[in-house]
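4 protein chains.
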Amino acid sequence: MRVAEISRAAVLPQAGQPVEIREYPLPRMEDGAVLLRTKYSEVCGTDVHLQHGHLSGVPYPIIPGHVNVGEVVETAGHPTDQDNQPISVGQLVTFLDVNETCGRCWYCTVGKASTRCPHRRVYGITYSADEGLLGGWSQFIYLKPGVKILPLPETVPAERFIGAGCGLPTAVHALERAQVMLGDTVVVQGSGPVGLTAAILAQLSGATKVIVIGGPAPRLQEALRIGADEVIDITRFDIKSRKERVLELTSGRGADITIEASGAPQAVNEGFSFTRDAGRYVIVGQYTDLGDIRINPHLDINRKHLDIRGCWGSDFSHLWRGMRIVEKYGERYRWEQFITRRYGLDEANQALDDVAHWRTVKALIDPWQRSER
Amino acid sequence: MRVAEISRAAVLPQAGQPVEIREYPLPRMEDGAVLLRTKYSEVCGTDVHLQHGHLSGVPYPIIPGHVNVGEVVETAGHPTDQDNQPISVGQLVTFLDVNETCGRCWYCTVGKASTRCPHRRVYGITYSADEGLLGGWSQFIYLKPGVKILPLPETVPAERFIGAGCGLPTAVHALERAQVMLGDTVVVQGSGPVGLTAAILAQLSGATKVIVIGGPAPRLQEALRIGADEVIDITRFDIKSRKERVLELTSGRGADITIEASGAPQAVNEGFSFTRDAGRYVIVGQYTDLGDIRINPHLDINRKHLDIRGCWGSDFSHLWRGMRIVEKYGERYRWEQFITRRYGLDEANQALDDVAHWRTVKALIDPWQRSER
Amino acid sequence: MRVAEISRAAVLPQAGQPVEIREYPLPRMEDGAVLLRTKYSEVCGTDVHLQHGHLSGVPYPIIPGHVNVGEVVETAGHPTDQDNQPISVGQLVTFLDVNETCGRCWYCTVGKASTRCPHRRVYGITYSADEGLLGGWSQFIYLKPGVKILPLPETVPAERFIGAGCGLPTAVHALERAQVMLGDTVVVQGSGPVGLTAAILAQLSGATKVIVIGGPAPRLQEALRIGADEVIDITRFDIKSRKERVLELTSGRGADITIEASGAPQAVNEGFSFTRDAGRYVIVGQYTDLGDIRINPHLDINRKHLDIRGCWGSDFSHLWRGMRIVEKYGERYRWEQFITRRYGLDEANQALDDVAHWRTVKALIDPWQRSER
Amino acid sequence: MRVAEISRAAVLPQAGQPVEIREYPLPRMEDGAVLLRTKYSEVCGTDVHLQHGHLSGVPYPIIPGHVNVGEVVETAGHPTDQDNQPISVGQLVTFLDVNETCGRCWYCTVGKASTRCPHRRVYGITYSADEGLLGGWSQFIYLKPGVKILPLPETVPAERFIGAGCGLPTAVHALERAQVMLGDTVVVQGSGPVGLTAAILAQLSGATKVIVIGGPAPRLQEALRIGADEVIDITRFDIKSRKERVLELTSGRGADITIEASGAPQAVNEGFSFTRDAGRYVIVGQYTDLGDIRINPHLDINRKHLDIRGCWGSDFSHLWRGMRIVEKYGERYRWEQFITRRYGLDEANQALDDVAHWRTVKALIDPWQRSER
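Chains as they are written, first to last, in this note's numbering: chain A, 1 to 373; chain B, 1 to 373; chain C, 1 to 373; chain D, 1 to 373.
Isolated chain A, as found in the complex (with noise of 0.2 Å):
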């Protein structure tokens, strides 16, 4: 007898329409396949974007939620982890988003750029809901044989690993991209998850001064409490001033390395004006289009001797490496205080609502929570 009958999940049926609840059979269990009981998902950024239809090749209805931990409850056959270690009922795990990565292509052997490769599948994005629970705003999450699993240590409770979120793999795919040097200064902008992670992964890889430009006060706040320098409110200085005060901190020259995260397009022109010569621009922030810019290629890049890096998705490496970050410094940045507020299933729509309108630093989906109304 299973666990359960039917797993309720929060829908997006098309782009441009509220989430609804729908019912949906517990799947029939493949050769290598685990059922999670999810315990949390979340509500990123990409989610309010997936409601207003502004990524391509979504395959709507979706279950969002890309990144959430849950306890198994079902395994079939003998899935593994990374190490070799059976997957086991009772085992509070969290898995990579994308699955599919096919290993054989040529960006997945010769590119080796497996975030590029064409055959990947994301959960909660790029899998409909017409081919199962597989998306993390639902009671049950099916896992495929493949699904790369990776347990929660016991000294990580499951809401500080949420509260870090799909902002960990991110940030950790950032920073390895952005290449820190002992004694740097990295300014990060934007102070939603990726942004604040990527302000603590700053400090965790060698820079000794974290600036970070963002707002509004209470994600500054949050910047402040895990460790930044120096914060600079958006809603309260304009491009020019946030210019002077970066190169203020910097004796003039500019940011060793700046980390978007904001995503909001006129960023990038703000951080090229104060990113030194010869520094480091990652843009992991624009994961949408907003639209163009203006730029000078003579005076933004080349005789600044500039590095610019697309960061774009992550693999398994860096959802590992997030958490051991997690596991060993969980009680310095305690991420579960990130959490604004949870919500469960019904009340999706006004956590994307929420989100959109920077109400929140991470808002939480917890889909056996009872309705607050």
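To be clear, the hints were calculated from the coordinates, so they are not data collected in a lab. Heads up, a few of these hints could be off.
Copies of the same chain look alike in the list, so a pair counts if it fits in one copy or across any two.
For lysine to any residue, the following SDA-like pairs were computed, each having C-alpha atoms within a straight-line distance of at most 25 Å [said to hold, decoys possible]: (1) K144 with P27; (2) K112 with I87; (3) K144 with R2; (4) K240 with P118; (5) K240 with D292; (6) K243 with I295; (7) K144 with E74.
Since we're looking at a predicted model, the values are computed, not measured.
With chain A held as given, fit chains B, C and D onto it using these hints.
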């Protein structure tokens, strides 16, 4: 008694004015200095920009000519080369145009980005004619103490080295930034001296397909002569068909690496469009400010997971490495064939005009040539 | 009806024993599998070590032959290549000998070092003949589902590719580790197939001086043929004079990069002695355990500020990149000329003996050749 | 009138002899020079080796003491720091011990390996006492024109900086070579000043598990104090059990990165044994020749696909970056607690003996301290 009393030089008196001939007394020799009897100088696109006033901070009047070959006619004290060998009268040498890199400032010591040292001065560009014979369009050139001198190997004729000219160290630096791997496809945008030598160096760095996009026809014939696998004539194909051609030649993926050596701002847009996901885009051609472009941070950089690398100036390593290449591969590539025409000092304005209008691949200045008029 | 009933194969029954001919039925085709009619296999130094039992973990009996070319004679399901193109009967292909790299373990995902994946199995080395036709010294080769197949371009004759053989991907990997810069001097220790192709690839990676140290004379003649600037015959010069020669050729500094491809443990000592300070030493030849050496950590590594890089195995990118090189530079380097002699299956023991005693550069196995006896 | 007439100094007259006190007149100030009243110097393991004559090319008699803090008491001309700020009387500064790196030779320009510049001279090591007050065990230190001076930030007490001492730039350089990634496990071999600061910097570079192998107990207590996750006492555990412990702590794989900072040649063998496949091994401790070891190139390097990186000396960037670290993390790591004891000049021989026998973590030299005897 000295080798001569005075030196004729072609001087750019002011931005926007024609070059004029002036005469200067030979300089007093400081300890460690070297006096060259100029064999050849060259006209590069930068000289056209200098005449048009496109560069900031130029101390007009200047004697243009930043890459030069000369014969040592006087030395003071005991100047040496990088192998600690004495520099002797009669030697044929070139020298690094960039001088006074301080070795002490933050960029030189901590940033390890000496091409951004604020103290650097450049022969033919940022030294004034009022300071001495510090440019190559002159019968004699004064090498201040500490200028980095590089003897020409016996097997490298002066014409060959100057045929490569300032495009050589520039392209070596660009290829250093490009990090070509064996089997890569490299697109070079621009078929001037930098582009052509970049196309040579791409081959020598392991690329198995090198595509040059440029024009006009004589330059593309040079591109084919030096081994480009494909040339695309911008005077005959529009942007859309150029992109299609690149994709067709790269299994639909685009170039692994693109090197922008055209100087046209819009080339950057075009290059983004046909560089593959997770590829690399090196900008070396945007040496002067010719205006803005519009880009889309999401599509052009972030989703592509693109690396963009500005490449400014060059240091002695690029000149030294470039000389090794010319020494080894001189007979294969015969850079002297890039020289379309030789000009005396009296013809400098004609030379600038020919370069400005792409009538040459490489214009050589011979300060001792009697006018053909 | 199938193309044949049985396949003759040359089998190594046990370490220390001669090869013997056995017959096997053709395999049942799993979904996604491909059957090749072997065109050519080769004998590499590893095969000699396999016969002598120098490798651990070899599941004798085995069918040797890890790099092979064959004609597709059967397919099951829809196997494809890395560009997602179908593999069709009649195609001439090679394939990556390394199979079953899991793509899931820590080394594959986090370590990004798939050549250290514990699950990998290698055709001709770590597959047993009891498991099937999984080595190239056989008239037919069974490509299990998922084996990475690479079609030969039309312009690459089978002889040319097999002349390069397993030295090709191995040398591509070694050069990837070597990170040659334009103008570097590279010493290659060893003039067998890996060393010779490394000497080619060093040139194609930007080295302007390539010195091959090895022997005997016919191999060094091949080294000169493929463009080595200097060869040093170990049968004529002792260690001291070899070092002196390298220093003489490098302004007394030593090699920028040395690639050890000889397999002799003492070569490592010799290589340390003539690699320059802050240079790089790539060890690719020490494929089997032939004993210890004495080194001095202070003088050999620390004070030299030396980089030493072990290079184990290869992955599909190395095979793919190597194929691009052979495709582009086939006429220049004519790898088929490395083939000293062709052997039928009956002559496999003779072939092993000839390779063991350096009587060949490359020994080709043609499983369909009638014995010359 | 000058601040003093003479300077007392502790001088090492010859290899194998005890230190003796000598008096020197204050030097004539060259243009650009700076005179320091020494605040603190230190005793490092190198000083013990200097006394024992383990280094070649030392111009005895020398005044030891290569990393020092002093107060500026005289300047000549207009010396500046790397930010072009004037150096003024009264400032508390340190300086890079390595001087006269030429900036012109092949290693400085082409090799970009200035720590191998043949012209470099080192305060306290390769300057003779006959040349002046060029070492820190002296009441005054003469900074020649061009010595790279670094002011101590106001928040960095002299004791704190000297507690880190020469281990600071050395460890910064070692970590630069180590390229730690977020989530790595780093083993540090050696618990002296270099090892302890390396253990700090490994944490600050992203390592989530840092294991220090060393002794005796007081040093390991310091290791735990500064955040090592595990210490392994070499006086209590043999080589076999040390390796087992490392494997146990790393899921059986071994360390991602090992930093050798012990100086014992056999530590290299031990380190090879527990560094994981495709890991990295940085050798920074083998500063003097203490003999040979036996290694197996196949097992230790090739099959492991290991990177081994020698790390020699340091440059100004390492000192500058180290200062940023001490400035930022001074309160967390309190390097001043490494100082076990302060010695006057008269006690220099005692200090050397205490360092030689591991009775201290860091021995401070205060040239103005009256003898405690």
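Now the hints, each set against the structure:
{"no.": "1", "hint": "K144 with P27", "result": "within (10 Å within a copy, 31 Å between copies)"}
{"no.": "2", "hint": "K112 with I87", "result": "between (28 Å within a copy, 23 Å between copies)"}
{"no.": "3", "hint": "K144 with R2", "result": "within (18 Å within a copy, 37 Å between copies)"}
{"no.": "4", "hint": "K240 with P118", "result": "between (41 Å within a copy, 24 Å between copies)"}
{"no.": "5", "hint": "K240 with D292", "result": "both (21 Å within a copy, 20 Å between copies)"}
{"no.": "6", "hint": "K243 with I295", "result": "both (17 Å within a copy, 22 Å between copies)"}
{"no.": "7", "hint": "K144 with E74", "result": "within (12 Å within a copy, 32 Å between copies)"}
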